[in-house]
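Asks: Chain B: place on chain A using the hints.
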Amino acid sequence: MSKMLNISCKKAAEYMCKKEEGSLTFWQKFRLSYHLLVCGVCRIFQQQDQWLRKNISKVDDHCVGCLSESEKQAILETLNNKASS
Amino acid sequence: MFEEKATDWVNNYGDMLYRYALPRVSDSDIAKDLVQETFLAAWRNIERFKGEVSEKNWLFTILKNKIIDHYRKAVNRLTDSFPGVADEDPYFEDSGHWSREGTPKEWGIDYNNSVETKEFYAVLEKCKSKLKDMQNAVFTMKYLEGMESDEICKELNITPSNYWVLLHRAKVQLRACLEKNWFIQ
Chain A
0 MSKMLNISCK
10 KAAEYMCKKE
20 EGSLTFWQKF
30 RLSYHLLVCG
40 VCRIFQQQDQ
50 WLRKNISKVD
60 DHCVGCLSES
70 EKQAILETLN
80 NKASS
Chain B
0 MFEEKATDWV
10 NNYGDMLYRY
20 ALPRVSDSDI
30 AKDLVQETFL
40 AAWRNIERFK
50 GEVSEKNWLF
60 TILKNKIIDH
70 YRKAVNRLTD
80 SFPGVADEDP
90 YFEDSGHWSR
100 EGTPKEWGID
110 YNNSVETKEF
120 YAVLEKCKSK
130 LKDMQNAVFT
140 MKYLEGMESD
150 EICKELNITP
160 SNYWVLLHRA
170 KVQLRACLEK
180 NWFIQ
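Keeping their order, the protein sequence lines are chains A and B.
Using numbering that gives the first Met the number 0, the first residue of the first sequence is number 0, and each one after it goes up by one.
Using numbering that gives the first Met the number 0, the first residue of the second sequence is number 0, and each one after it goes up by one.
So here's chain B without its partners, still in its complex pose:
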């Protein structure tokens, strides 16, 4: 019975769940593991699935929790050194001015329009994967999951001031990476 259900899930929802997890954890092996764990958790709790939401939404809810768990574990591994807070910042001088590397340049686009090519989003994902774990976690929870800052601080057990530093550094780094690898090559 399990085999049948699992085959059904993997074939129907495997790719969908994987595509959701991938840009959020920026690592294909981790994304695969999370999808696998999602199915396993779903199976173990199948009694509790009452059909109030669709099977698909139910699986997505489980996956979202797994992703947040993954961030939490990543944060716990980093308790002794808090990256992105005390270390140096290549995008700004000590004085707080933009460094030469960090100075934003005009991209020459109309900022009202979006870029709709797959290639751009591949570069964006690549740039995102280069963020430090903590920065990526904060950035993803905020902009892909749409969570509020106090919720994110609570989930990751970080202070608001750490949160702001991590988030704005993630944005500065991502911007610079996109500029270098897409807009101004």
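Just chain A, same shape as in the assembly:
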């Protein structure tokens, strides 16, 4: 029975991805739930994956990149050349 129900960890990772977008069939959802019930490692993965998804967009608030004055100058020069050509 469990052999029929269970999917591999690799498949489970893929199903978790699809589940986010509601792209799983009823049977696939069932098999994913069963896998998560019996596989502790994939439960950790699921938690971390959800955490990552929640936090990834914050990368925008923490991006510290800045253009230096000389980089701005270089951009301006190129723009002036290209705009006049």
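Honestly, the hints are just simulated from the structure, not real lab data.
Treat the numbers as computed from the prediction; the structure is a model and nothing was measured.
Careful, some of the hints might be misleading.
Here are the simulated DSBU-like pairs of lysine-lysine, each with C-alpha atoms no more than 35 angstroms apart in a straight line [to be verified]:
1) B:Lys131 / B:Lys49
2) B:Lys179 / B:Lys4
3) B:Lys72 / A:Lys10
4) A:Lys81 / B:Lys104
5) A:Lys28 / A:Lys10
6) B:Lys125 / A:Lys53
7) B:Lys63 / A:Lys10
Here are some of the chain A residues that sit facing chain B, going by a computed Cβ distance under 7 angstroms [unchecked claim]:
8) Asn5
9) Gln45
10) Trp50
11) Asn54
12) Ile55
13) Asn80
Beta carbons are placed, not taken as given, at the ideal position from N, Cα and C, and that holds for glycine.
Replies: Chain B alone, transformed into the frame defined by chain A:
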């Protein structure tokens, strides 16, 4: 006249646009080029700018299109070898079990809380930049741009099954990289 406008744009919006582009293309030179191209395109289409949106939003819209163009070009360059689909997967065994390298370990954090340090996001960006171009494109469009999967497939001209493989591999790799470089050092 152009010079004046360009100086104004670069000073007011240059950093903002650059910071938007950088985590999305993971390369400072490309990010700079895209910002430059954005200003140039804005100038060439300035007649069409009617002030219905703010100048800032208008520039961001142009930049977003430039970023998607950049992904599209990256995908076209890779037509003969489709990375991340047929090649081997270091995070799983052939049997589909987690490999030793890929097995997730407990991070020892409360998953309800986020990490708010700049250092963490620097590591996250670094890990993201290590993704293959295609994976990075799919991942960014999905999680930073918030696009739907069918839209992403259409833009990049890939099949849904390629999309799912690229996305879940990007996530598996990013997770492993963060674990190794931040959570469990």
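Asks: Broken hints, numbered, in rising order?
Replies: 1, 2, 4, 8, 9 and 13
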